[in-house]
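For the sequence shown, the positions run -22 to -1, 1 to 824 when mature numbering (1 follows the signal peptide of the UniProt record, and there is no 0) is used.
A couple of the hints might just be wrong.
As the list claims (entries may be wrong) - Quick list of in silico lysine-lysine cross-link-like pairs, DSS-like style, CA-CA up to 30 angstroms:
hint, residue 1, residue 2
1, 496, 460
2, 391, 301
3, 758, 740
4, 23, 486
5, 258, 486
6, 234, 332
7, 798, 745
8, 486, 467
9, 496, 426
10, 745, 758
11, 490, 460
Stated by the list, open to error - Derived Cβ-Cβ restraints for the label pairs, each shown as a range:
hint, residue 1, residue 2, range
12, 417, 53, 41 to 49 angstroms
13, 374, 428, 26 to 34 angstroms
14, 91, 464, 18 to 26 angstroms
15, 13, 189, 49 to 57 angstroms
No wet-lab data here; the hints were simulated from the structure.
A virtual CB, placed ideally from N, CA and C, is assigned to each residue, including glycine.
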Amino acid sequence: MTTKNFFTVILILLMNRMLSHAQNTEPRLTVIQEEETNPAPLLRKLNNMSPDTNQVKLLLKTSHIYWHRQKISGPALDTCMTMAKKAYELSYSLKYVNGTNEAAFMLCKTYMLRNRPEMVGGFLNRTFGEEKIRLLLVMAEHYTAEMASDPKELEKAYPLIAEATSLSAKIRSDRCLNECRMLLSGFYLSKGEISQARKILLDNINALHKKRDYAAEARNWSFIAHQFPENEDSYPFIIHCHEMAINRYFMTGDKKSAGYGLRDLAVVNANHNRTELAGKQFREMLSVFESIHEKISRRTYYLIAEYYRFTAQYHQALRFALKALQTPEAYDERRMMVYRSLGETYAALGDYQKGLKYYQILLDFQLAQKSGIAYVSAYRMAHIESEGGKPREALSSLNRYIRFHPPQNLSQKQLFYSSYGDLYRLIGDYYKAEAYYKKMLAIDNAVKIENGKYLHGHEINVTGSGALYLMGRFYAERGQYKEAKKYLKQSLVNPQYFDAQQELDTYKLLFKADSAQKNYLLAIRNFERHKLMYDSINSITRNNQIAELSIRYQTEQNKKDIKLLESKQRAQQAELMRAATLRNVILGGAATLLLLAVTAFAAYRIKQRSNQKLHAQQLEINHQNRELQSLLSEKEIFLKEKDWLLKEVHHRVKNNLQIVMSLLSTQSFYMQNDHAREAILQSENRVQSIALIHQKLYASDNLASIHMPAYIDDLVTHLGESFDTSTRRITFNQRIEQINIDLSQAVPVGLILNEAITNAIKYAFNKTGGEIAIVLRRIKSDDVEISISDNGKGLPRDFDVRAANSLGMEMMLGLSAQLKGTLEVSNGSGTSIRLKFQLLPKLTIV
């Protein structure tokens, strides 16, 4: 730490000594998640604010935003601390206690994240009451959560929790006691003492229930559900805790928390193959959110998409994954989760190229961020590439990845063992394939113990039932049906984290194994299970195998009928021979009956063949209709996806321009020279005029042109706020016709408008103010005129536009030439600037 920064902190702590008034603070340990995720507009607003409590609140809001951005940007933590320090100093000068407390909390959070507890100790010496308890718990939480892997560091949490608990009891703060007990439970969880952690929370829940503090009780139930290990033995208790939390949230009217509880409960049920119940809970969650107008987050859409993917409802999975991409959110990690889901879904639909495309984006991001789960993406890319018919290329890619990123734990080793087994199986090297599959199974139990509750979606096809399935599939394909059945049956015993496609393939493989071993009854049962699942996934009522079996059955039945008729005929002939006196009569009757039977049978056979042909044709028509419907659905998805990709381009351009503006705004915040600050403000406004265009395109369904009335209104509003025109008594009169301008013309038009309006605001008026008129009209079918005029003091009489030594005027002349238009500047009762140009013909985006 530099000497300058050290003395700054000491000064802050000394100033805090005078704040000896009461410090009753909500013992919240999490940083507020603000609705805004872009700090740039807040930084601009801070430049023009008076030093009051509103500025403190805005500084803290900005600090909160940068705290949540520090996972994707290291410098964000520095800015978070800077804003918190400014808020602390200003709160002290204003004697604003709430601001001081929140700023101290943010500073302590950042110091603990940087592992500098000595700086937090100084704040503890200057605080008391609930605020001191809160800061003690901030320190304890850091050791419990961030340093849990180091037993010595973890033990530092206990005396802090004990001191906070003693102080909470002393001041009789029930809400602080509740936080202390929850954190104490987390401490024992980190130590692996599950029963002790559970006892502390259940005792606390009973006490809260007796006091009818249902809100705190709900948080305790939710804490257990989210923090305790989830496995095959514990998940019924985890589900019970979720259900109790949801019940208490509804009792207190907290529908938002209840909705998120339903979401998390659905995930647990889906993890343990209770898919129907999970689907019902997801739908109930959506209904609750709709009733309270809660915006659905990208993560929530992603979880719904994953549910549909694991239940093989791929078109629904695509629908919700695309909705997740459409959700505006600044955090790239959540967008990457959606890319992973899209990669898996497209691969399941057989579009391997598109699946690899999304996974490549995800892997590049994870490697850039040095993510600990990048190995999962490499593993899945190898599988998708091999499924697409390129196992040797996939093997080379996987070898290349592992050479630079070797496995770090048993879970990673098991993933790669399974990958090598699959790739060598597809290549045809069955000896190596079997060896890797056996390695995969050998460590399966150890992987389950290592992972505990953290069996995430990407591991469902490997750990547990997935490993048994892969081994069984290998032996089935090699014709070793006895071994295959052993592993395949075991995979169905405990189908935790078991997707529909794997279950479908398992029954198909069992059908083949039983058929090969002539266990026809078992084979039929397994085929029926496979067929039932296949129909539910693919919405097909018949398939070729059943049709073939039906034809075979009917053929055998017809042969039996013919043999029966022949037998009857022989019996009749023998009877005729024994009855000589009746032979002629019986023979004639038998011939007549035989003729009738043959005629009837022939008619029956003709009708049967006709029905079979009609049935086959109907099946073919139905199949083609379904394929056509599927193609139409995919076309709709592709068109939507293309539109969103275009919007994503505009969104990224707008974000980059916002970053430039933020940098300019931040620079101006530290500039002491007014001329330099004004120059930066002009540059910021020019960038804003361009950013508005891309913002409009991102928010609009029309990606080819800009609707000028809305654009000019937003530009005028922005410039008015930037130059504080309301205080200077400057008004705007807009007469804008409903005209759309092509994107290539919109940028120069926007810059010309920005320069003209900015010059009018800055130079046209004295202290009495005035009016600026902005007119956009069509003068011919394809020609438009834009005029910006004011009733101010006007230009000097000898002013020459072409000779003016002004960057703004040069820009306007150059941009008007780019538009192939004319720019006129006149001087009457004020200054008037007119721009005439021809609109480009409308383009249609295909």
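Against the structure, the hints come out as follows:
no., hint, result
1, 496 - 460, "holds (12 angstroms)"
2, 391 - 301, "violated (35 angstroms)"
3, 758 - 740, "violated (33 angstroms)"
4, 23 - 486, "violated (64 angstroms)"
5, 258 - 486, "holds (29 angstroms)"
6, 234 - 332, "violated (36 angstroms)"
7, 798 - 745, "violated (38 angstroms)"
8, 486 - 467, "holds (12 angstroms)"
9, 496 - 426, "violated (37 angstroms)"
10, 745 - 758, "violated (39 angstroms)"
11, 490 - 460, "holds (12 angstroms)"
12, 417 - 53: 41 to 49 angstroms, "holds (44 angstroms)"
13, 374 - 428: 26 to 34 angstroms, "holds (29 angstroms)"
14, 91 - 464: 18 to 26 angstroms, "violated (51 angstroms)"
15, 13 - 189: 49 to 57 angstroms, "violated (33 angstroms)"
Violated hints, listed in ascending order, are 2, 3, 4, 6, 7, 9, 10, 14 and 15; each of the other numbered hints is respected by the structure.
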